[in-house]
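Protein chains in written order, with my numbering: chain A, 1 to 285; chain B, 1 to 274.
Please note: incorrect hints may appear among the correct ones.
As the list claims (entries may be wrong) - Looking from chain B toward chain A, a few residues come up when the C-beta cut is under 10 Å (computed): (1) Pro-39; (2) Leu-106; (3) Phe-263.
To be verified - Partial list, computed: chain B residues near chain A (C-beta under 10 Å): (4) Thr-47; (5) Leu-48; (6) Tyr-116; (7) Leu-133; (8) Gln-140; (9) Val-199.
Stated by the list, open to error - Label pairs and their in silico Cβ distance ranges: (10) A:Leu-32 / B:Val-15: 30 to 38 Å; (11) A:Ser-4 / B:Val-12: 37 to 45 Å; (12) A:Leu-32 / B:Gly-171: 44 to 52 Å; (13) A:Phe-253 / B:Ala-37: 16 to 24 Å; (14) B:Phe-7 / A:Phe-134: 33 to 41 Å; (15) A:Pro-155 / B:Ala-66: 55 to 63 Å.
These are computed hints drawn from the structure, not numbers from a lab. Every residue, glycine too, gets a C-beta built ideally from N, C-alpha and C.
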Amino acid sequence: MRLSRRDRLLLLAPLATLMLVWFAGPALLGLLATLTSYSPFTTDVRFVGLANYAAVLRDPQFATAARNVGLLTLFAVPLELTAGFAIAWLLRRPLRGRAAWRVLLLLPWLVSPIASGVMWHFLLSTTSGIADFFLGWLGAAQASSPAGDLHLALPAVVAIEVWRVAPFVAFLLLPGLESIPRERWDEATLAGASVFGRIFRVAVPGMRGLLLTVSMLLIGLALGTFDTILILTGGGPGTATLTPALYSYDAAFSTNDWPAGAAAAWVVAAAVFVVGAVYVRVARE
Amino acid sequence: MSRRSRFAALAVVLVVLALPLVWTLVASFGVTPDNNARPPSWIGPPTLEHFAYVGVAEPTFWQELATSTALALTATLLTVAVSLPAAYCLARSRLPRDRLVAQSFLVLASLPVMAYVIPLSDLMRRVHLLDTLWGVMLAQAAVTSPLAVFVLHGAVRQLSPEWEEAAVIDGAGLLGILGRVVLPLLAPTVAATAIVVFVLDWNMLLVPLVLTGGEVKTVPVAMSDFFTFERELDWPTAAAALVVSLAPVALLVAAFHRLLEQFRLTDGTGINIG
Chain A
1 MRLSRRDRLL
11 LLAPLATLML
21 VWFAGPALLG
31 LLATLTSYSP
41 FTTDVRFVGL
51 ANYAAVLRDP
61 QFATAARNVG
71 LLTLFAVPLE
81 LTAGFAIAWL
91 LRRPLRGRAA
101 WRVLLLLPWL
111 VSPIASGVMW
121 HFLLSTTSGI
131 ADFFLGWLGA
141 AQASSPAGDL
151 HLALPAVVAI
161 EVWRVAPFVA
171 FLLLPGLESI
181 PRERWDEATL
191 AGASVFGRIF
201 RVAVPGMRGL
211 LLTVSMLLIG
221 LALGTFDTIL
231 ILTGGGPGTA
241 TLTPALYSYD
251 AAFSTNDWPA
261 GAAAAWVVAA
271 AVFVVGAVYV
281 RVARE
Chain B
1 MSRRSRFAAL
11 AVVLVVLALP
21 LVWTLVASFG
31 VTPDNNARPP
41 SWIGPPTLEH
51 FAYVGVAEPT
61 FWQELATSTA
71 LALTATLLTV
81 AVSLPAAYCL
91 ARSRLPRDRL
101 VAQSFLVLAS
111 LPVMAYVIPL
121 SDLMRRVHLL
131 DTLWGVMLAQ
141 AAVTSPLAVF
151 VLHGAVRQLS
161 PEWEEAAVID
171 GAGLLGILGR
181 VVLPLLAPTV
191 AATAIVVFVL
201 DWNMLLVPLV
211 LTGGEVKTVP
221 VAMSDFFTFE
231 RELDWPTAAA
241 ALVVSLAPVA
251 LLVAAFHRLL
261 EQFRLTDGTG
271 INIG
């Protein structure tokens with residue numbers, strides 16, 4: 001049906017109001033504030049240009065945080081996609097108890113990032129952990145929790161995020177995989193394609209749009225990593241698992257450097273928008 | 001892939017996914033491993049006392065559970081109520097760059113909350129909505145709306161406009177079309193989207209953490225409090241709290257898993273995939 005101007009206004013107004021007041025408005029006001037010396041409890045507000053951003057970008061702590069989240073994104077997102085795809089691939093054909101499988105795939109995602117942090121804090125520990133229980137059977141020495149290890153903390157965070165997110169990715173990819181027409185599989189099989197041939201010549205092109213959409217969401221999720229780390233390591237040991245989101249939160253709410261916190265948060269936002277622009281570009285082709 | 005190797009691979013997936021959860025479930029009943037014994041063994045007869053002890057360690061836990069439920073329910077309803085009309089409008093407006101609009105909502109859905117929550121808390125303080133249910137509820141609804149718009153937009157695009165055209169001929173107005181034609185046709189997708197949004201709301205930490213300060217407290221905030229203030233919580237009690245906080249969403253998903261298959265992501269056009 002044709003929507004009149006008035007219809008469109010009526011339909012869009014509720015969303016626009018909500019998003020303007022609780023999302024876009026604060027975001028843009030925050031952007032403006034970071035160009036000044038504004039902070040909630042000061043009266044002296046001057047224009048400072050990009051000084052807040054320069055200070056954040058020069059801070060070695062922020063550089064470490066950016067490096068950490070870069071590594072985290074670089075490893076977590078491809079692992080989540082591949083593991084998710086592999087699980088969806090295994091569940092593609094008829095299987096007994098498929099309904100139960102679907103519920104199971106959703107379970108780790110239902111554990112909130114914060115609860116996941118609490119859970120893995122104990123599961124990785126020596127006294128109540130999983131690894132030590134089985135290592136004990138082998139008579140091996142007790143390993144200390146990787147979350148407290150300078151070199152293992154970040155990989156541990158990656159592993160925990162993959163555990164939580166990959167099954168959900170499988171859940172999202174499964175309908176896409178199932179919607180690929182049967183003939184295309186048959187053609188590939190007749191042409192003698194191997195498993196990898198079928199994956200890369202039939203499955204991936206057939207669900208390209210869906211894969212891009214899921215990738216966008218996963219990259220945003222990884223770049224904003226906060227909850228799990230807050231509980232599991234608090235950014236430590238040292239700054240081994242510090243992320244820009246954690247840096248931003250600490251600056252704004254713990255160390256009372258509001259401008260630095262707001263500016264660092266906008267650096268994260270800018271990174272997501274850059275990825276978003278790439279996503280729109282790639283999805284168009 | 002042969003039947004047997006597929007079965008073996010699925011068994012590995014099952015163990016990796018479920019073992020951490022089973023370990024936690026068992027611990028919540030007071031059965032924990034004794035890793036110091038050689039060989040390691042299990043301690044303790046099963047007991048329910050750790051569930052009762054959650055309320056002792058965190059006296060307001062049951063109150064927080066009620067707050068979380070009320071917040072997640074209302075925020076979900078609001079998200080769906082504002083997203084469905086907007087998604088319908090965007091899908092039926094024949095915009096020249098329709099796909100770009102949909103993709104923009106996906107990018108907004110990917111934006112970490114941290115990006116704008118700092119100025120948001122300042123703004124909420126100024127309008128006296130800090131530490132109120134309203135403030136948190138509206139902010140949470142704003143966080144989840146872009147994803148809901150993206151998914152519902154895809155669903156409307158897959159819907160043939162014939163039904164709406166027929167309703168127009170019968171004299172239906174805008175509300176009649178939305179409520180009596182579009183909503184019933186999209187009911188499964190709307191319900192699936194609502195469930196996903198409910199889970200996101202239920203698990204949300206940063207928004208309530210930053211927008212509240214003691215009056216309003218949700219379960220995730222309580223959990224973070226416990227650990228940030230270094231109060232030592234023993235594992236069975238923490239496990240019991242985890243199980244209690246996971247149970248509502250787990251039951252929800254188990255009951256409606258068939259419906260959840262209608263939660264489909266698209267590439268922004270709503271056609272050709274999933």
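Under 10 Å is the threshold here; is the Cβ of Thr-47 (chain B) close enough to any Cβ of chain A for the hint to stand? Interface hint status for Thr-47 (chain B): violated (16 Å vs cutoff 10 Å).
Does the CB of Val-199 (chain B) sit less than 10 Å away from some CB of chain A? holds, 6 Å
Can we keep the Gln-140 (chain B) interface hint, with Cβ of chain A closer than 10 Å? holds, 9 Å
Quick check on a hinted range of 16 to 24 Å for Phe-253 (chain A) and Ala-37 (chain B), using CB atoms only. 44 Å Cβ-Cβ, so the 16 to 24 Å window is violated.
Chain A contact restraint for Leu-133 (chain B) - C-beta distance below 10 Å: Hint on Leu-133 (chain B): violated, closest Cβ of chain A at ~14 Å, above 10 Å.
Using Cβ atoms only, decide whether Phe-263 (chain B) comes closer than 10 Å to chain A, and label the hint accordingly. For Phe-263 (chain B), the interface hint holds, since the closest Cβ of chain A sits about 8 Å away, which is under 10 Å.
Are Ser-4 (chain A) and Val-12 (chain B) spaced within 37 to 45 Å by their CB atoms? violated, 57 Å
For the range 55 to 63 Å, tell me whether the beta carbons of Pro-155 (chain A) and Ala-66 (chain B) fit it or not. violated, 39 Å
Under 10 Å, Cβ to Cβ, is where Leu-48 (chain B) needs to be relative to chain A, so tell me if that hint holds or is violated. violated, 19 Å
Quick one: are Leu-32 (chain A) and Val-15 (chain B) within 30 to 38 Å, going by C-beta? The hinted range 30 to 38 Å is violated for Leu-32 (chain A) and Val-15 (chain B), with Cβ atoms some 52 Å apart.
Taking the CB of Phe-7 (chain B) and the CB of Phe-134 (chain A), does the distance hold inside 33 to 41 Å? Cβ of Phe-7 (chain B) to Cβ of Phe-134 (chain A): about 23 Å, so the range 33 to 41 Å is violated.
Would the hint on Leu-106 (chain B) stand, with a C-beta cut-off of 10 Å toward chain A? Hint holds; Leu-106 (chain B) Cβ to chain A Cβ min 6 Å, cut 10 Å.
Hints 4, 5, 7, 10, 11, 13, 14 and 15, counting from the list given before, are not met by this structure.
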